[in-house]
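With the hints as extra help, turn the sequences into a complete structure.
Listed in order, the protein sequences are those of chains A and B.
This note's numbering puts the first residue of the first sequence at 1, with every later residue one more than the last.
This note's numbering puts the first residue of the second sequence at 1, with every later residue one more than the last.
For the record, the hints were derived by calculation from the structure and aren't laboratory data.
This one's a predicted model, so the numbers in the text were calculated from it and none came from an experiment.
Among the clues, some could well be false.
[To be verified] Some residues of chain A that are not near chain B, with every Cβ distance over 12 Å (derived):
#1 R2
#2 Q27
#3 A56
#4 K163
#5 P178
#6 L179
#7 K213
[Unchecked claim] Result set (DSSO-like, lysine-lysine): computed pairs, CA atoms no more than 27 Å apart in a straight line:
#8 B/K73 - A/K133
#9 B/K232 - B/K213
#10 B/K163 - B/K213
#11 B/K133 - A/K73
#12 A/K133 - A/K213
#13 A/K73 - A/K32
Backbone N, C-alpha and C define an ideal beta-carbon position, used for all residues, glycine too.
Protein chains: 2
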Amino acid sequence: MRYVLLVQYDGTHFCGYQRQREERTVQSVLEKAATEAFGTFTRVTASGRTDAGVHARGQVCQLDAETSVPAHKLSACLNCLLPPDCKVLKSAVAPEGFDCTRGAKKKTYRYTAYYAETELPLLARYAARLAVKPDLSRMEEAASLLEGEHDFAAFCSAGSSAKTSVRTVYGIQIGSEPLPEGQLYTISVTGNGFLYNMVRILAGEIFAVGCGKSTDAIVRALNGGGRTLLAKTMPARGLMLVSVDYGAELFPPEEV
Amino acid sequence: MRYVLLVQYDGTHFCGYQRQREERTVQSVLEKAATEAFGTFTRVTASGRTDAGVHARGQVCQLDAETSVPAHKLSACLNCLLPPDCKVLKSAVAPEGFDCTRGAKKKTYRYTAYYAETELPLLARYAARLAVKPDLSRMEEAASLLEGEHDFAAFCSAGSSAKTSVRTVYGIQIGSEPLPEGQLYTISVTGNGFLYNMVRILAGEIFAVGCGKSTDAIVRALNGGGRTLLAKTMPARGLMLVSVDYGAELFPPEEV
Numbered sequence: 001m002r003y004v005l006l007v008q009y010d011g012t013h014f015c016g017y018q019r020q021r022e023e024r025t026v027q028s029v030l031e032k033a034a035t036e037a038f039g040t041f042t043r044v045t046a047s048g049r050t051d052a053g054v055h056a057r058g059q060v061c062q063l064d065a066e067t068s069v070p071a072h073k074l075s076a077c078l079n080c081l082l083p084p085d086c087k088v089l090k091s092a093v094a095p096e097g098f099d100c101t102r103g104a105k106k107k108t109y110r111y112t113a114y115y116a117e118t119e120l121p122l123l124a125r126y127a128a129r130l131a132v133k134p135d136l137s138r139m140e141e142a143a144s145l146l147e148g149e150h151d152f153a154a155f156c157s158a159g160s161s162a163k164t165s166v167r168t169v170y171g172i173q174i175g176s177e178p179l180p181e182g183q184l185y186t187i188s189v190t191g192n193g194f195l196y197n198m199v200r201i202l203a204g205e206i207f208a209v210g211c212g213k214s215t216d217a218i219v220r221a222l223n224g225g226g227r228t229l230l231a232k233t234m235p236a237r238g239l240m241l242v243s244v245d246y247g248a249e250l251f252p253p254e255e256v
Numbered sequence: 001m002r003y004v005l006l007v008q009y010d011g012t013h014f015c016g017y018q019r020q021r022e023e024r025t026v027q028s029v030l031e032k033a034a035t036e037a038f039g040t041f042t043r044v045t046a047s048g049r050t051d052a053g054v055h056a057r058g059q060v061c062q063l064d065a066e067t068s069v070p071a072h073k074l075s076a077c078l079n080c081l082l083p084p085d086c087k088v089l090k091s092a093v094a095p096e097g098f099d100c101t102r103g104a105k106k107k108t109y110r111y112t113a114y115y116a117e118t119e120l121p122l123l124a125r126y127a128a129r130l131a132v133k134p135d136l137s138r139m140e141e142a143a144s145l146l147e148g149e150h151d152f153a154a155f156c157s158a159g160s161s162a163k164t165s166v167r168t169v170y171g172i173q174i175g176s177e178p179l180p181e182g183q184l185y186t187i188s189v190t191g192n193g194f195l196y197n198m199v200r201i202l203a204g205e206i207f208a209v210g211c212g213k214s215t216d217a218i219v220r221a222l223n224g225g226g227r228t229l230l231a232k233t234m235p236a237r238g239l240m241l242v243s244v245d246y247g248a249e250l251f252p253p254e255e256v
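Laid out in structure tokens, this is it:
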């Protein structure tokens, strides 16, 4: 039987999602818990990898197991064996033929940054600091250029193994709210898939435009220009995988 | 010359404010930076201690030093020597006769907790989890009983050295906002001073009433009843010192 899990983690102390020989990763922690729960090695696959330091509010994972535990109680069973920085929020029987990696139709990531005169210890874990206060309407202008189907080859770090660099960005929302010490900014990006470091590069370029850079680089980068046209990759700590959309509700309300 | 500092820290990896022989504390980290900056041992006093694990968004501290660095640039100077989890947001020359401990007129603390079916890794550092969803109007009823001048002896853990346990709570605000996975609650308390663990005990009792406990215990506790009438002390991680009020603006806008 295949089960689907909604997983939340604080990425700070994980070397990314994917299992590695020596490092503490989200996958290794989930597989250790599942293997202990089911008494046999259990692989836990995700909708996609996240990098070291990247957080997830709603990562979707799957595992195959034979168990008499009711599907919606698997989360509680696994949580007893999981550390505080990685928990299973929901669990359910996967739909017929479900594949959490290939079945993902849309993903939403959110990048968070703040402007303040000094670094803010209470935001250090989940946001990057901007040294200059960006202009919101300029950020929105940059975002609108990035929406739609484009070849995002320039928005990709070396090391990507993707077959094509064409992706569709369905929408980019810019949010902003005042802080006692400055201003908070969020960039929420929904797309059908993302290249390696794409959201962090895209966010860096949107903030750069907000801080005065011309939008020419975006236009050129989307038309065959290279990675060096664009601002540097933003730090991992500001990035969060918000949700993964499969075109159907995976976690029906529990039968009480 | 006396200087006043606005200090923010994430309390997670500090054994509280006060210097201790072996432990990492906020005071020891601030004094190490100040001593290095000024070349002579420099004491850094705060408006009050905070316990291990308690955060501060706007702690007020003072130090005495002879330096040619302009007062408003002391923050940047100290921040170069401070770790990411403790930073000086602002610095200024202290008013004549200023004493950051005895001069504090009001303090505001905020306690944050959430209701969700499971623990949430992304809130684990700054909020406590409630296993039952509290009722807001009951929480507000409990809060209103606690406002005003009272003998808060029952709202105090053993080990307090305060001369009197009479304190004035000027106001308690209850906040609530939905989360994707549940509901977030904040209890903001402003008072002229607080006994040892008073805010954590007070918050615990307000949540307990919200979850169904009678308000009788509060009435009895404020009228000579003992600590055991009340709910247990909430965990440190949900508590934050928001601000300290001295009845005057300590950090005037910089002269540019």
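Could you work out which earlier hints the structure fails to respect and list their numbers in ascending sequence? 3, 6 and 10
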